[in-house]
Amino acid sequence: MSEPKWDLTRLGEWKAEEFPLGAVIPEAGNSQYYRTGGWRSERPVRDPKVCTQCLLCWIVCPDAAIRVAEEKIADDTFDYDHCKGCGVCANECPVDAITMVPEGCELTEAEKDA
Amino acid sequence: MPEQKTIAATGNIFVAEAMRQCAPDVMAAYPITPQTTIVEEYAKFVAQGKVHTEYVTVESEHSAMSACVGASAAGARVMTATSSQGLALMWEELHIASGMRLPIVMANANRALSAPINIHCDHSDVMGARDTGWVILFAETAQEAYDNTIVACRVAEDPDVLLPVMTCLDGFITTHSIDRGQTIDDETVKAFVGERKPDYALLDTANPVSHGSFAGLGGPFFEFKRSQRDAIDRSKPVVERVGAEWSKIVGRPFGLIETWGLEDADVAVVVIGSSAGNARHVARQLRAEGGTKAAVVKIRCFRPFPAAELAAALKGMKAVAVLDRAESFGAEGGPLFLETRSALYDLERRVPVVNYIYGLGGADVKLELMRRVYSDLSDIASGAAAAEGLRYLGAR
Ligand code: SF4
Ligand code: SF4
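Which chain is which? The protein sequence lines are V and C, in order. According to our numbering, the first sequence holds residues 26 to 139 in order. According to our numbering, the second sequence holds residues 11 to 406 in order.
A few of these clues could be false.
[Unchecked claim] In silico lysine-lysine, PhoX-like type, Cα no more than 25 Å apart, as pairs:
id, chain 1, residue 1, chain 2, residue 2
1, V, 97, V, 74
2, V, 40, C, 376
3, C, 246, C, 303
4, C, 235, C, 207
5, C, 303, V, 40
[Stated by the list, open to error] Here are some of the chain C residues that sit facing chain V, going by a computed Cβ distance under 7 Å:
id, residue
6, 110
7, 111
8, 153
9, 215
10, 218
11, 220
12, 227
13, 229
14, 230
15, 234
16, 381
[Claimed, not checked] Over 12 Å on every C-beta distance to chain C, these chain V residues come out as not near it, computed from the model:
id, residue
17, 43
18, 48
19, 81
Keep in mind that the hints were calculated from the coordinates and are not lab data. Keep in mind it's a predicted model, so treat the numbers as computed, not measured. All C-beta atoms in this analysis are idealised placements derived from N, C-alpha and C, irrespective of residue type, glycine included.
Taking the hints into account, I'd like the entire structure generated from these sequences.
Below, the structure is given as structure tokens:
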């Protein structure tokens, strides 16, 4: 993932007059720097054997977190840095190829304790 | 001095003419009495090809100001007009326009707010918007409405300001009465207002930016509000400077406040808008009769509030009456009273201040009512009466 073009290292110390006027962000497409993946309590998992490649999930994902390669849903389907776990894709998939799995369920009890 | 043309027209026509000369790129507006003839006249300019303005007809004032916000963020010079319920419906976008630092210019034809329904003049509409971060100018006459519109365009777009400006004129009294005034040639206005040069424009596709960002908990929201406060404070000398520049071109006065008879006055009336004329007329009569020596202080710029200027003008007065054409229900008095008395608080000698609510919903401000104010002021000045109580001037 690319880094912002403007220097935000001191952002927390900026004084009122240092911010761009009117809360403008002088770099478009900046939402990629904001990792919404941490909001997730459930993660989507796609079953490629069921998926018909209709691309509907790719269209409806509000975070552009579904990857497409060569006009097909990519094997490495979800960008978990940005997928916030809303479940829209699972809900909209016409063949129920996407399941929402609780985060952390793949861990063993010992791993959870650690 | 460039040649000026004397014409007879309503305040609204003067405003539409000034807007045409400022040549906004976009106007998004919705009609509402008594503002309608501004946007109606402007629509004619568009239809006749006299302006290049993109005229956006919308389904409400909420949409009108939303469209203005979008167009201004795109980099356009934007103007609109509204009144009363329309201004109330715009309220949330008023904050957005100032927070996004968009130099929109809007005329407001002052009119009462419902209920009961009333279409006539008072200042309830704009006073409800006084804390929305807009610079607010008031006109006494059609001429001032013309001048204020042109000055507003420059002030709004000044790099030290970049805030929206509302120019108010009294509903029907100023908007619809035919008044004598002067307009100047298009070239002079064009040179005076210049072109808008936005720092960030959505239409500048070579430099894409995000407008309307989020600044939540722990974000810089607090700092942004601070910078807005700094900007409106900075607008004060800009209003004065731009006003003085315009004043030099047209040969008419322009001040944050405008005073009459201050030099030797014992008492003063503070007033906004068209009633300043009545106040001066009666003050002049009283002086001619050998009566009270009164001054009249008219507020032309309400935001930023000219507190220091008022304190300097009113210090040493034996009594001051503040005339409010709006209520602030449950407060100590009307909005102008609250701010005027606060402006006088730091003076060495206490100035007795009394508040009158007058003219709500277009209630007539007859000369004998004005006389009553001056006679009350004499009583307070002589110690015969106390400066207390909220007075409803002329209410049955
Ligand atoms: S869960 Fe929501 S955010 Fe995540 S991939 Fe599906 S639609 Fe996108
Ligand atoms: S919506 Fe379902 S079937 Fe369609 S591409 Fe996405 S996962 Fe596959």
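Against the structure, the hints come out as follows:
1. The suggested pairing of residue 97 of chain V with residue 74 of chain V holds, with an alpha-carbon distance near 14 Å, which does not exceed 25 Å.
2. Of the supplied pair hints, the one linking residue 40 of chain V and residue 376 of chain C is violated, its CA atoms being roughly 53 Å apart against a limit of 25 Å.
3. The hinted pair formed by residue 246 of chain C and residue 303 of chain C fails the criterion: a straight-line CA distance of about 30 Å is larger than 25 Å.
4. Among the hinted pairs, residue 235 of chain C with residue 207 of chain C is consistent with the structure: their alpha-carbon atoms are about 23 Å apart, no more than 25 Å.
5. Under the criterion of a C-alpha separation no larger than 25 Å, the hint pairing residue 303 of chain C with residue 40 of chain V is inconsistent with the structure, at around 51 Å.
6. Evaluation of the residue 110 of chain C hint against chain V yields a held restraint, the C-beta minimum of about 4 Å falling below 7 Å.
7. Annotation: residue 111 of chain C was flagged as interfacial toward chain V, and the flag holds, the nearest CB pair being 4 Å apart, inside 7 Å.
8. Annotation: residue 153 of chain C was flagged as interfacial toward chain V, and the flag is violated, the nearest CB pair being 33 Å apart, outside 7 Å.
9. Given hint, residue 215 of chain C at the interface with chain V, is violated; its Cβ is 10 Å from that chain's nearest Cβ, farther than 7 Å.
10. Hint on residue 218 of chain C holds. Least Cβ distance to chain V is approximately 3 Å, under the 7 Å limit.
11. Proximity of residue 220 of chain C to chain V holds as hinted, the smallest CB-CB distance being about 4 Å (cut-off 7 Å).
12. Proximity of residue 227 of chain C to chain V is violated relative to the hint, the smallest CB-CB distance being about 13 Å (cut-off 7 Å).
13. Interface restraint check: residue 229 of chain C against chain V, minimum CB-CB distance 9 Å, threshold 7 Å, status violated.
14. Against a cut-off of 7 Å between C-beta atoms, the interface hint on residue 230 of chain C holds, since the closest Cβ of chain V lies about 6 Å away.
15. Hint status for residue 234 of chain C: holds, given a least beta-carbon distance of 6 Å to chain V, under 7 Å.
16. Taking 7 Å as the C-beta contact cut-off toward chain V, the hint placing residue 381 of chain C at the interface is violated, the least distance being around 49 Å.
17. Distance to chain C contradicts residue 43 of chain V as a non-interface residue, since its nearest Cβ pair spans about 8 Å, not more than 12 Å.
18. Once the 12 Å rule is applied to beta carbons, residue 48 of chain V is inconsistent with being away from chain C; the minimum gap is 5 Å.
19. Remark: the non-interface label on residue 81 of chain V is consistent with the geometry, its nearest Cβ contact in chain C lying 28 Å away (cut-off 12 Å).
Violated hints, in rising order: 2, 3, 5, 8, 9, 12, 13, 16, 17 and 18; the structure is consistent with all others.
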